[in-house]
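Peer 1: Those protein sequence lines, which keep their order, are chains S and G. So the working numbering is basically just the index in the first sequence, starting at one, shifted up by 988. So the working numbering is basically just the index in the second sequence, starting at one, shifted up by 988.
These are calculated hints, taken from the structure and not from any lab test. A portion of the hints provided could be inaccurate.
The list that follows gives simulated cross-link-like pairs (lysine to any residue, SDA-like), each with its CA atoms no further than 25 Å apart [to be verified]:
1. Lys1069/S - Ala1198/G
2. Lys1166/S - Arg1005/G
3. Lys1073/S - Arg1005/G
Sample of chain S residues lacking proximity to chain G, with all beta carbon distances greater than 10 Å (derived) [said to hold, decoys possible]:
4. Gly1120
5. Thr1130
6. Arg1140
7. His1168
8. Arg1190
9. Tyr1231
Think of the CB as a built atom: it goes at the ideal place given N, C-alpha and C, for glycine as much as any other residue.
2 protein chains.
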Amino acid sequence: MNDVIIIAIGRELVNGRTLDTNSNYLARNITILGAKVSSIHIIDDVEADIVKTMRTALASKPALVITTGGLGPTVDDMTLKSVAKALGQKLVKNRKAFSMLKKRYDELYRRGLLHTGGLNEGRIKMAVMPSGAKPLANPVGTAPAAFINYKRTTVFCLPGVPAEMKSIFETHILPWMKRHVPTGHWVERSVATSSYDESVLRILLDKISAAYPDVYIKSSPAGFLEEKSLEVFFTSVGSDKDYVEKRVSDAVGMLEQSMHK
Amino acid sequence: MNDVIIIAIGRELVNGRTLDTNSNYLARNITILGAKVSSIHIIDDVEADIVKTMRTALASKPALVITTGGLGPTVDDMTLKSVAKALGQKLVKNRKAFSMLKKRYDELYRRGLLHTGGLNEGRIKMAVMPSGAKPLANPVGTAPAAFINYKRTTVFCLPGVPAEMKSIFETHILPWMKRHVPTGHWVERSVATSSYDESVLRILLDKISAAYPDVYIKSSPAGFLEEKSLEVFFTSVGSDKDYVEKRVSDAVGMLEQSMHK
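So here's chain S without its partners, still in its complex pose (with noise of 0.2 Å):
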């Protein structure tokens, strides 16, 4: 399968002193890709709630899941920590990341970044990880990724702060997705229509989707009676770029000769 979860860590994300936008982020760079994200979990900084959340996305058997936040030197980034004891993994120093840290604080130093080189107690503790990950190069911060394989499922330990999740997202996700995940074709259009009553519209799209059982339509009610219009959303998947091109363009002219009677 191809299926994706996303698990969004942080206190600041539940009491909604942040609005989490690497969920997003990540959820529409991977559709794009032709995947799937089945589901998106924002949780504490809570083991417990860590472990509970983990153990659950893998037990629906996902190709990949990956987590956002927590991975850096305070007491309340516990996300390695916990991952380790959802999947029975032991938590040791990895030395390929102990030496990234390393190199990096000494570089950051060097440059008059920062008062102190060297490692220092919070350092380390980015270097600690499941005894099953790999570390991933952090492009634009300190802490590293972790790659871990689990059974059948891939799980990515990304940082929280936007510019680094990203930054790993592009240099290590997406090649390792288009390597390993079966992805498609994505294609998706969207009309506005001049109707703005989705109690009269869904008739003629319950029309079109039995026509089109293959493209996924869906109107979208932006707002009741301050909207002009609805609009429609058309989307597909496929290996097959010119099929799918095809059928999402035919339920979207289906649509237009509808509205232009």
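The hints should help you fit chain G onto chain S, whose structure is shown.
Peer 2: Below, chain G without anything else, positioned relative to chain S:
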């Protein structure tokens, strides 16, 4: 307990076309009220997924589960059908919801806002609810929300259109929570530090956390090298307003004194 679980439902959320801002709005307002959002789940318009997520949520016995999305007239609006299944309740046409919808559509028709008055299949669908549900008027849209008591948990099902969701939250949920959920006094303060190295700052923050265990202290790395400083957030909640205010204020003071040494 005063735990709240939020479930946001919609294909457009998991495929990343739409950023889910509803959950953040709910999380922030519930937090400020002094209750606690324990997790947020963003899921697809798939009955099995909604049933499973709702059952998992109920298993942790929260005070409240709030769903957003999937109350409309189209086939992919399947929240109430799925919630009925998860709760083991029959799906029935709710008389009060039916009468709310009839009045609403007749009024919109009279005002010239719709081409047809009365009820059609799609409009009637919005009155079909779990047998234990009580409909709640939607002041800015058409689909009524639903209020359901299930064992010790209350379930609110809200529309996904942000303006409708907010309006129903303010009109129905907020006053209900004040009466029925043990809430506390919530305090949040932030301090901009001169440090931008969490691995160093953590030593001080650990000391403050040890001195003020009832205050949650979190440093926020908005981006490692781009940021001039780390912001530190202090939050606490409790029944005694003066005590909570003083504890947070003392913890903030301990950080400020250390910074000015």
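Peer 1: Hint by hint, note whether the structure agrees.
Peer 2: Consistency of the hints with the structure:
1. Only pairs whose Cα atoms come within 25 Å are accepted, and Lys1069/S paired with Ala1198/G is accepted, the gap being roughly 21 Å.
2. A threshold of 25 Å between alpha carbons decides the hint, and for Lys1166/S with Arg1005/G the separation of about 21 Å falls inside it, so the pair holds.
3. Between Lys1073/S and Arg1005/G the CA atoms are separated by roughly 34 Å; this puts the pair beyond 25 Å, and the hint is violated.
4. Look at Gly1120/S: its CB is around 25 Å from the nearest CB on chain G, clear of 10 Å, so calling it non-interface holds up.
5. The claim that Thr1130/S is not at the interface with chain G is violated, since a C-beta of that chain comes within 10 Å of its own (minimum 6 Å).
6. Taking the minimum C-beta to C-beta distance to chain G, about 20 Å, the non-interface status of Arg1140/S holds against the 10 Å cut.
7. Chain G leaves His1168/S outside its interface by the beta-carbon criterion, the shortest separation being 21 Å against a cut-off of 10 Å.
8. Once the 10 Å rule is applied to beta carbons, Arg1190/S is inconsistent with being away from chain G; the minimum gap is 5 Å.
9. With a closest Cβ-Cβ approach of about 20 Å to chain G, Tyr1231/S is found to remain outside the 10 Å limit, as its non-interface label requires.
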